[in-house]
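Undergrad: In case you want the letters, here they are:
Number of protein chains: 2
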Amino acid sequence: MSFMQALRQRWQQAGTLVCVGLDPEPAKFPARFAGDADAVFAFNRDIIDATAEYACAFKPQIAHFAALGAEDALARLVAYAHANHPGIPVILDSKRGDIGSTAQHYVTEAFDRYGADAVTANPYLGRDSVQPFLDRADRGVVVLCRTSNPGAGDLQDLDVAGRPLYQHVAEKVAREWNGHGNCALVVGATWPSQLREVRAIVGDVPFLVPGVGAQGGDVEAVVSNAKTADGTGLMVSSSRAILYASSGDDYAAASAAAAKSLRDQINRYR
Amino acid sequence: MSFMQALRQRWQQAGTLVCVGLDPEPAKFPARFAGDADAVFAFNRDIIDATAEYACAFKPQIAHFAALGAEDALARLVAYAHANHPGIPVILDSKRGDIGSTAQHYVTEAFDRYGADAVTANPYLGRDSVQPFLDRADRGVVVLCRTSNPGAGDLQDLDVAGRPLYQHVAEKVAREWNGHGNCALVVGATWPSQLREVRAIVGDVPFLVPGVGAQGGDVEAVVSNAKTADGTGLMVSSSRAILYASSGDDYAAASAAAAKSLRDQINRYR
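From first to last, the protein sequence lines stand for chains Z and G.
FYI, my numbering numbers position 33 of the first sequence as 33, with every residue one higher than the one before it.
FYI, my numbering numbers position 19 of the second sequence as 19, with every residue one higher than the one before it.
For the record, the hints were derived by calculation from the structure and aren't laboratory data.
It is possible that some hints are incorrect.
It does not matter which identical chain is meant; a pair holds if it fits inside one copy or across any two.
[Said to hold, decoys possible] Simulated pairs of lysine to aspartate or glutamate, EDC-like, Cα-Cα distance not exceeding 20 Å:
1. K260 / D249
2. K227 / D264
3. K227 / E171
All values reported here derive from a predicted model rather than from experimental measurement.
Go ahead and model the full structure; you've got the sequences and the hints to work with.
TA: Following this line, the structure appears as C-alpha cells:
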C-alpha cells in the first residue's frame, strides 16, 4: 500500500486528521525516564502506543534525533510503529534538499535506512532536487510551501508576477511534480487565508499543517479553510502539546487525551 | 579563531581557494578498501592528508554519510582534520532549514556533535530559521543563493520586482543576516554572469562555488567574475574529481595532484 493509499484509508477508517509529531527533548521527558539510556526510544514508543488510535500519521522530526546521536532509536521507532500499528504511515520530517546526485543519498536515508513512508522536502533547489524522492511512487513527498514560523514570509511571500512565491510552489507541485500522485504540501496554520488560497490552487493534494496549538493556529479556521470536499485532505500536526501533555507518570494517558481532544476539535468542523 | 578568520588566513598563507568536498561512495573507493569495515573513515582520512596542502577548507556532504549510517565516521573525520591539519576549517554541507526551535537542534548537530566550523543552510524558511546558526558568531553560515543544478532556476530565477529571487537572497544575507560577519553564499559555477551579479551585491562576502569540474563550470570564468579585489573571496569546491581521481593504489597521490591542479588553475586567474 502506498503512502497516499494508507493516508486516505486512515482518514476514512479511523476518522482522524491528527498527525502526531515526535520531537524528543530529553529535558522534557517525564521523570521516570531519568537515567534510562534508551529513553528516546522508550518515551516515543509509549507516545506512539498511546496516540495511535487518534493518529492519521506519525512524524518524527530528525533534527531532534540527530542532535542526540539517536539515529538508531529513530530507525527502531519507525520499525516499531510499522510492526505494532500497521496502516499508520510515518513521515520523516527532515526538510532535505540538495542537487540530484546528492538527493539520491537523502532518499536512501529516509526510505531505505529509516523505512519512512514519506518525507518532507525543501523546494528551493528546484525540481531535480526533489525528483529522486518523487520517483519513489509508493512514498510520499511533502514539499514546503508556506511555513508557520515568523520569518516564513521573508522569501515565501515575495511577489512573483502578482502572487506570493509560495503559491507558485503550490502550483508547480500540483501541476508539474505530482505525476505519481505522491505529493503533499506543508502549509502552516498561522494564516488561514493562505490555506484557502493554496487549496484553491492544488485541488485534493494533502496538506501537512503545523502551527496548531503551541504556535497558536486556530483549529476551526484551519479545517474550514483547508479541508477537501470530502472533509479530509489534512494532516494537522501537533508535537509538543501531545508529547509533553504531562511530565508525571500519567504522561501516556495525558498524551492520548491531548491527541483525542485535537481529533475531536478537528472533526467538529469537517 | 573564528571560521572567517581561519578561512581568510588559509587563503592568504596557503595561497589556495580549493575546497575539498568529501562525498564518500564506497562503490567508487579504491579496491584496497574492499572489506574494510572502517573504509569510510579510512578513505576520507587519506584524502584529507593528501590534499590538505592545497585546501582552504574541507566540506563533508552529510547525505553521503547518513545513507551509510556513518555518523560516527563523520564525527571522527572532523576531529581528525582539526587535530592533524589545524587551521583548515571544516564546512558541514547539510543544507538544513527548519523553524527556529528545530533549527537549534540542527545547530547542535553541526557545531556541537560534529564540531564543524561552518554549515550550509537553506534560506526558504526565512531569517528566523537561520538565526540560531548566525548566533554562533565564531562559526560560518553558508546560505544557498544560486545553486549549480539544472533545476536551480525553478525558484531561484523567478522574477521578484525586476530581479531574480537569488539576488534578493544575496541582498538579505549581506545586508540583514550578516551582523556577525559570519555569512557566506553558495553560488554555482554554471553561469559566471550570476557570480558577477552576486559579487556586485554582496561586497566581500565569501562564495562557496560548486559546479567546477564534474558539473562543467569553467575555472577562468568563475575566478575572474567572482573573486574579490584582493584575489580571494572564493571556496571553489570539487568533490568527485579529487576524491575519485584514481581507483588504483595511487589514489592518494592522484587526489593530491587533482587538488594541486585545481589550485594552480585558479591561481592563474586571481
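Undergrad: To test your reading of the hints: which numbers does this structure violate?
TA: Of the numbered hints given earlier, the structure breaks none, since each of them holds.
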